[in-house]
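Peer 1: Sequence:
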Amino acid sequence: MSGGTRPLLALILAVLAATSTIHKIAGEISVEQINKRNGFLGRPIEWVLLDDQSKPEVTRTLYERLITVDKVDLIIGPYATGAGASVVYPAP
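The numbering of the sequence shown is our numbering, which starts it at 325 and goes up by one.
It cannot be assumed that every hint is accurate.
[Stated by the list, open to error] Subject to a maximum C-alpha distance of 30 Å in a straight line, what follows is the list of computed DSS-like cross-link-like pairs (lysine-lysine):
#1 Lys395 to Lys348
#2 Lys379 to Lys360
#3 Lys348 to Lys360
#4 Lys395 to Lys360
#5 Lys395 to Lys379
None of these hints come from the bench; they were simulated from the model.
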């Protein structure tokens, strides 16, 4: 995990109709409850929802940006198998 006082970022990268709505609501409730208790490891959580359009190439690009540029601490998702596989097994 990164140091400093910036917020711990929790992200979800999935927009699949009803399923994404459930994840969005559950994530928002969880973040609110955790932040009321002084955050995670004393740091507030910032919930960011990104739309990968269920396209593997978009998912891969978002992951690369989140890890190398935004330097997030936690990524949740994606939900779709094809999108997830693109992150674990990127094309050469």
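Peer 1: All hints, please: hold or fail.
Peer 2: A quick look at each hint next to the structure:
1. Lys395 to Lys348: holds (22 Å)
2. Lys379 to Lys360: Given pair Lys379, Lys360 is violated - Cα atoms ~35 Å apart, limit 30 Å.
3. Lys348 to Lys360: Status holds; Cα separation ~18 Å.
4. Lys395 to Lys360: holds (24 Å)
5. Lys395 to Lys379: OK: Lys395 and Lys379 at ~22 Å, within 30 Å.
Of the numbered hints given earlier, the model fails hint 2 alone.
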